[in-house]
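Chains as they are written, first to last, in the working numbering: chain L, 1 to 77; chain D, 1001 to 1227.
Incorrect hints may appear among the rest.
[Claimed, not checked] Below 30 angstroms or equal to it, Euclidean Cα-Cα: the simulated DSSO-like pairs (lysine-lysine) are: (1) D:Lys1105 with L:Lys63; (2) L:Lys10 with D:Lys1153; (3) D:Lys1066 with L:Lys2; (4) D:Lys1191 with D:Lys1066; (5) D:Lys1027 with D:Lys1127; (6) L:Lys40 with D:Lys1064; (7) D:Lys1183 with L:Lys40; (8) D:Lys1066 with L:Lys55; (9) L:Lys63 with D:Lys1193; (10) D:Lys1191 with L:Lys63; (11) D:Lys1193 with D:Lys1130; (12) D:Lys1130 with L:Lys19; (13) L:Lys64 with D:Lys1022.
Source of the hints: derived by calculation from the structure; they are not laboratory data.
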Amino acid sequence: MKIKVIVTLKNGVLDPQGKAIQQTLNGMGFSEVNQVRQGKYFDIEVGETDENEAKFKVDEMCKKLLANLVIEDYKIL
Amino acid sequence: MKSSVIIFPGSNCDRDMDVALKKYGFKNHMVWHNDLELPKSDLVVLPGGFSYGDYLRCGSIAGKSKIIKSVIDFANSGGLVLGICNGFQILTETGLLPGVLQQNKFLNFICRNVHVKIKDKDNKYFKNIKKDILELHIAHNEGNYFCSDEELKAINENNQVALTYCGLDGADNEEFNPNGAIKNIAGVFNKNKNVLGMMPHPERMIDKYLSGEDGSIFFENLLKINN
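Generate the whole structure from the sequences, applying the supplied hints.
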């Protein structure tokens, strides 16, 4: 079973890469872009047939490795 | 005094650290990351470099490697654990040190000498060092120390800030902040001050002709006060 996870920086945490991307987009003429926040996306193949069980395990993985909860939030899709 | 330097795949300051420790009289062992047990040590050093290619987040994979459990046990039993640069990043990822090291504010890799102010001397790393300001070398892309407001309050209250970036006269304000680190923080202790993480490399400042000797002061003092 494939579980998808998105990790993003928490609100208020500086994201210099997002800022550089925003400025580049603005410079390219996309003047409507007010903010860009960059994150990470994971496709995790879990050897489980029960979706809840798989998500429960992925939740543990997020807490222990995939996200650093000091600065990041995660979302299991 | 016995020391151990852990080598991770991608560590690149491990040999410099070995040379520095031996120069000042430590009996040093190199320890592979896949080992389970630390040799008998008084000091464990996590060296600089790019462990596991900085994959996922700097230090995150090394923070789960096989040797780390015994490093954490050693730290929790009061042993001295020193993390330099990538070693500092690894220590924050293990939870032994508070906060996290983010990418430098201006997205640049910084490689130059800086001055740092010793903020606390009531510990086994800086006690008896007469100088208040040291000239050390930094070389990093992720040295931008960050922690939450509550954590910042807590580490200030416990005097856990070890070093701040400063000018020649010791002013540690934004002007002398190379990487965007919160409150110019260059190094922090854990609560008991036996674990120290710092971005600057003392092992690169041990030759009076090549670099300057403020790193020598650090190692000589470390050996003396812990012997």
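The hints, checked one at a time:
{"no.": "1", "hint": "D:Lys1105 with L:Lys63", "result": "holds (26 angstroms)"}
{"no.": "2", "hint": "L:Lys10 with D:Lys1153", "result": "holds (19 angstroms)"}
{"no.": "3", "hint": "D:Lys1066 with L:Lys2", "result": "holds (28 angstroms)"}
{"no.": "4", "hint": "D:Lys1191 with D:Lys1066", "result": "holds (25 angstroms)"}
{"no.": "5", "hint": "D:Lys1027 with D:Lys1127", "result": "holds (22 angstroms)"}
{"no.": "6", "hint": "L:Lys40 with D:Lys1064", "result": "holds (20 angstroms)"}
{"no.": "7", "hint": "D:Lys1183 with L:Lys40", "result": "holds (28 angstroms)"}
{"no.": "8", "hint": "D:Lys1066 with L:Lys55", "result": "holds (26 angstroms)"}
{"no.": "9", "hint": "L:Lys63 with D:Lys1193", "result": "holds (26 angstroms)"}
{"no.": "10", "hint": "D:Lys1191 with L:Lys63", "result": "holds (23 angstroms)"}
{"no.": "11", "hint": "D:Lys1193 with D:Lys1130", "result": "holds (19 angstroms)"}
{"no.": "12", "hint": "D:Lys1130 with L:Lys19", "result": "violated (43 angstroms)"}
{"no.": "13", "hint": "L:Lys64 with D:Lys1022", "result": "violated (36 angstroms)"}
Hints 12 and 13 from the earlier list are contradicted by this structure; the remaining hints agree with it.
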